[in-house]
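The listed protein sequences derive, respectively, from chains A and B.
Each residue of the first sequence is one higher than the one before, starting from 1 at the first, in our numbering.
Each residue of the second sequence is one higher than the one before, starting from 1 at the first, in our numbering.
These are computed hints drawn from the structure, not numbers from a lab.
These figures come from a predicted structure and were not determined experimentally.
You can take every hint at face value.
Taking CB as the label site, the calculated pair distances span:
| # | chain 1 | residue 1 | chain 2 | residue 2 | range |
| --- | --- | --- | --- | --- | --- |
| 1 | A | E83 | B | T192 | 54 to 60 angstroms |
| 2 | A | D32 | B | E166 | 43 to 49 angstroms |
| 3 | B | E177 | A | G82 | 49 to 55 angstroms |
Ideal Cβ placement from N, Cα and C applies to all residues, glycine included.
Listed here are the chains, written in short residue letters.
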Amino acid sequence: MKNILCVKWGDKYSTEYVEKLKQQIEKHCSYDFNFYCLTDKPEKEYDLRLPQSWDKYFIPNRFWAYRKLYMFNETLFSNMQGEEFLFFDLDVVFHNSIDYFFELEMNKPWIVRGWWNDLEHCKRNYNKGISPLINSSVIRWNKGQLKNIYHHVNDNAEYIFFTYKTIDNYFNRVWYDIENDESKKFNLFEKNKIYSWYKGNIFPEDMEKRVLRKDHIVCLFNNNTIEDDKAIEEVWKQNV
Amino acid sequence: MEAERLACWFNSLALCKERYPFLADRLDVSLTLQHAEGKLWIKEKLYDLGMHFDNTIIIGGWYCQYLAYALSDYTDYMCNYEIDPDAVKISKTFNRYQKEKFTSLQKDLGIQDLDGNHLKQGDIELIVNTSCEHMYPMKHMRRKIFEQIMDTPLCVLQSTDEDKYEDHINCVQSPEELAEQAGINNAYYMGTKVLNNGMKRFMVIGR
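So that you can see chain A by itself, here it is in the shape it has in the complex (with noise of 0.2 angstroms):
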């Protein structure tokens, strides 16, 4: 069985994003899929409550986002049946079917890497442990592929959530070789695929903020302006 998953934590995003997030993949996916959110308020039946055992090593402004670690290990959530399993943060828009994600050949988990930045601006910031190239936004891996990754953390979990900003960082710095993109851990969405709402497409071709890609599978809403809250809003009114 396939399974769709999202995670939500704190108040940032409301249980709406939750509701249109599954409404869009029972639009957009053909094949049989259980939906979760991994969540630390579970209501609804397709919730599963999230760990807490990281929640002592957090800091503020520091490792954004680890409480999307806890699914790599599928065994902590002992309802979610099956090898197949794709990740999509809650503020994505979905313009096409994401059937491709459950099509890739899978002799390494998929991840992000953000076209849309350019290379160079991220080099000079690479010691700073900013402007990563890997974004987390959308994840697809079979049951243990990305198992390591959560007892790295889990063994460092200390000096992780002491060194790294956000997740996308620990991502681009631990698991990902910013000097080959076909090394390490992960395979790398191909271009026009998956684009960013608030950054563009691909570096420096087509870098228009703030346009729908219509052709492009996946919209990345990763960034948390009014406007961007009241765009994606727009796009549901349309698509679901």
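Given chain A's structure and the hints, the job is docking chain B onto it.
Relative to chain A, chain B alone:
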């Protein structure tokens, strides 16, 4: 040797600016007076201690021009463990004049082990980290290194209280705090220096 070093540095600066134009301003910054002051302070204190080391770990040495020069008379071999792949290449370029005793590797010693080839160069007798403000307290790395070599090398550590930079994630207020963070119980030297740009640097040498 001095002439060879200077020629190498001038040549390397031009070469690296050509290869990494997006790092041109960083290269300039790495050679400023305040960087020289901080590293030559180590040279002065190691001279006072009168010690010589087989093999040295440099943690986060960045482009490592002044630092590798400062250590050169006091160690037979040194390896700069850097997280930034461009810094690894640039530090090797600047240290071609002493390539028989200097290397650089992309590793984060907070979560990765020492390099096997580096360990073959001799007993690790010195750990140098002049960028403690950029990383987790050194007690952790010292413990990890101890677990690998079963020894407690002398440490030379520098940090600052300057917290206006985003990547200064672990500033300290004094050399005593730096020593405490690193678990240094036996300090041979602790001091403070105000650099040319006004930044206060703290240094601790000890075990």
